[in-house]
Amino acid sequence: MALTDQQIEAFRTIAGRIIPAEDGALGADDATIFADLSSSLNDIAPAIASIIDAVNLEGFGRFAQLPSVEQDVILRKVQGALGMTFWAAVQRVTLCYYRDDRVLSALGLRPGPPFPRGQVLEQGDWSLLDPVKARQPFWRET
Amino acid sequence: MLETVDVVIVGAGASGAAVAWSLADTRMQIVCLDQGDWPNPANFPSAGRDWEARQHTDHSFNPSVRRAAADYPINEDASPIKIANYNGIGGGTVLYAGHFPRFHPSDFRVKTLDGVADDWPIDYATLEPFYDRNDAIMGVAGLRGDPANPLKPERMPPLPLGKSAAAVARGFNAQGWHWWPSDSAIATQEHEGRAPCINLGHCLYGCAQGAKASTDITYWPLAVRAGVEVRTHSRVREVCVDDQGMATGVIYFDAAGQEQFQPAHMVIMACNGVGTPRILLNSRSKLFPDGLANSSGLVGRNLMFHPYASITGYFDEPLDGGRGPSNGLWSQEFYETDPGRGFVRGYTYEFSRGGGPASQALGAIGSGRVPIGSGHHKAFRKRLDHSTGMVAICEDLPEAHNTVTLDPTLTDAHGIPAPKINYTISENSQRMLDFAMARGAEVMKAAGAYEVQTAAPLSFGGWHLMGTARMGRDPKTSVVNDWGRSHDVKNLFVVDGSLFVTSAGVNPTSTIQALALYVADAIKSRLANLFD
Chain Z
1 MALTDQQIEA
11 FRTIAGRIIP
21 AEDGALGADD
31 ATIFADLSSS
41 LNDIAPAIAS
51 IIDAVNLEGF
61 GRFAQLPSVE
71 QDVILRKVQG
81 ALGMTFWAAV
91 QRVTLCYYRD
101 DRVLSALGLR
111 PGPPFPRGQV
121 LEQGDWSLLD
131 PVKARQPFWR
141 ET
Chain E
1 MLETVDVVIV
11 GAGASGAAVA
21 WSLADTRMQI
31 VCLDQGDWPN
41 PANFPSAGRD
51 WEARQHTDHS
61 FNPSVRRAAA
71 DYPINEDASP
81 IKIANYNGIG
91 GGTVLYAGHF
101 PRFHPSDFRV
111 KTLDGVADDW
121 PIDYATLEPF
131 YDRNDAIMGV
141 AGLRGDPANP
151 LKPERMPPLP
161 LGKSAAAVAR
171 GFNAQGWHWW
181 PSDSAIATQE
191 HEGRAPCINL
201 GHCLYGCAQG
211 AKASTDITYW
221 PLAVRAGVEV
231 RTHSRVREVC
241 VDDQGMATGV
251 IYFDAAGQEQ
261 FQPAHMVIMA
271 CNGVGTPRIL
281 LNSRSKLFPD
291 GLANSSGLVG
301 RNLMFHPYAS
311 ITGYFDEPLD
321 GGRGPSNGLW
331 SQEFYETDPG
341 RGFVRGYTYE
351 FSRGGGPASQ
361 ALGAIGSGRV
371 PIGSGHHKAF
381 RKRLDHSTGM
391 VAICEDLPEA
401 HNTVTLDPTL
411 TDAHGIPAPK
421 INYTISENSQ
431 RMLDFAMARG
441 AEVMKAAGAY
451 EVQTAAPLSF
461 GGWHLMGTAR
471 MGRDPKTSVV
481 NDWGRSHDVK
491 NLFVVDGSLF
501 VTSAGVNPTS
511 TIQALALYVA
521 DAIKSRLANL
531 FD
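Chains Z and E are the protein sequences, given in the same order. Under our numbering, the first residue of the first sequence is numbered 1, with each subsequent residue one higher. Under our numbering, the first residue of the second sequence is numbered 1, with each subsequent residue one higher.
Worth flagging that the hints you see were computed from the coordinates, not collected in a lab. A quick note: this is a predicted structure, and the numbers were derived from the prediction, not measured. Note that CB positions come from ideal geometry on N, CA and C, so glycine has one too. Do not take every clue at face value.
Claimed, not checked - To be clear about the criterion: a stretch of chain E counts as covered by chain Z if any three or more of its residues have a C-beta under 8 Å from a C-beta of chain Z, and this derived list gives those stretches:
| id | stretch |
| --- | --- |
| 1 | 99-110 |
| 2 | 153-167 |
| 3 | 194-203 |
| 4 | 270-276 |
| 5 | 474-483 |
Stated by the list, open to error - Partial chain Z-side listing against chain E, Cβ under 8 Å, derived:
| id | residue |
| --- | --- |
| 6 | I8 |
| 7 | E9 |
| 8 | T13 |
| 9 | E22 |
| 10 | L57 |
| 11 | F60 |
| 12 | A64 |
| 13 | L66 |
| 14 | P67 |
| 15 | Q91 |
| 16 | G112 |
| 17 | P114 |
| 18 | G118 |
| 19 | L128 |
| 20 | K133 |
| 21 | R140 |
Stated by the list, open to error - No farther apart than 27 Å at their CA atoms in a straight line, the calculated lysine-lysine pairs in the DSSO-like style are these:
| id | chain 1 | residue 1 | chain 2 | residue 2 |
| --- | --- | --- | --- | --- |
| 22 | E | K490 | Z | K133 |
| 23 | Z | K77 | E | K382 |
| 24 | E | K111 | E | K476 |
| 25 | E | K445 | Z | K133 |
| 26 | E | K445 | E | K378 |
| 27 | E | K490 | E | K524 |
| 28 | E | K111 | E | K152 |
| 29 | E | K524 | E | K152 |
| 30 | E | K490 | E | K286 |
| 31 | E | K382 | E | K445 |
| 32 | E | K476 | E | K286 |
| 33 | E | K378 | Z | K77 |
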């Protein structure tokens, strides 16, 4: 099942409320982020269509025009009603949002995949092990 | 018809690789059939910017999510714990964290010590040389001298603690409880041509660096060089027998989907605790109407997982996030039985560093700690890289009603009946999970966590599949003998987690492989009269 252009545009508004543009952060409806997101929706298209239908029902077809506070109320209601179906959308939005280079940089994280550059992990304080080293063996003999 | 080989091994995972490598020095003609392909590390998720998304799609450890061509469907509706596996060369070692603990000596004497389940027909001392050999080939990082375990050989230097494991270690110290750098099959220095770990933080979904020991890059190159043939995209349907009740080979579907019969003098099952009983139960014949090697009725029974509890602490101080291996330390303070705790047997705490940003966001949204909609960013910035955790891996005792059977209607792409899982968590396990969550929360609070989240059982955590073709000396109460040979079919062997009599409270891979090497050694020492 493929979503129609109209459904994709409707979902853009929903995605922009799941992770909104506020507090200086981008929203999931940002053009670049949503282009990435909308290209990965086909396998959950039935879930997306159900969410759009439920949102339209709760918002009397005017969801996009409602103030953000009211949109959030509607989304919480739909979330409660659809459970895992709604979670599928939240999961996909979140996974696409938190791989955008600008989002990661703004959070102080290095954009891009872990491989091949790898990451730095400090050794940590090995003196913490001293009291455990002093312990006698306590495994059960047979 | 294909040429008869000496040995056909079904499954190229943890145990199939080990047994193939060991038997290769006999110069027997050995073929290993696996339904999957060689993994290509260049395609592992951590090499692409969609690395976190692929954990939830084509590189999920849950085959029902992954749905690769090599996977088979599993009816797990009647189980609160869902199967995790990987079907391909390397098997479960491709998608595991690399935890490499050993059983304790007491784990082989459960009945004698605690009056529950059964003793194993072998003991720790029997397996110890095979544990040592396996550690050397897989490559294990850790630290000698753990007071919770018998002394082990020298290992590579332990994985770094980082900020997160150090925080948890402080918590254990404050409680006066045991912890130790965990044994991990992750190279911390160059090992047999494998590059050391560079902290990708993605062990569970395939190591693009090749630092984590999976058998496609450890045992298999050695076994193939020694002459073992690996045949990929080859899905076995059944083991065939002759009128004397001896195995004659296996029927499988090749890469083109054509049915083939591979004749063999010896058949070795290495398909894990679900795959092995599935094939044995599907191998019905006039002589074996209830499935092969099943005169005891125990093929597919006594399925054990390890029920998992998770404990996550939220801290004010910045921690490692997902930067670095999940592994770092373990605690076996509550491993051995103490009747005062309200349950028998015990468990291991295993540190779990954390996930990437999207995984952390999803975890926080899912638990209601970060909202969707207004307030999302403010709440998430506070949580990001400020949490860490651990899991409790609890010993599961064998119960005959926990089973792998054949689904009456569900089949795979080749029409082979799919396995059906029936499993319930026992009262003993539930009490252990509750205790582990309570003590784990105390550790996190002592470590400085301002908030602790606990959960059990982890529904996605069916990584360890054990007990469904158990070993023992009595043919009435076991499927194979004390060296892995079927009581009923004298040229049929099992070498995977199905062999387990009990599960212990640790990850099973090193024990599975030690058993495979032990069975191979038993075969080699009896070649002159192996089928008597």
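Please list, smallest to largest, the hint numbers that this structure does not respect. Numbers 4, 5, 6, 7, 8, 10, 11, 12, 13, 14 and 22, in rising order.
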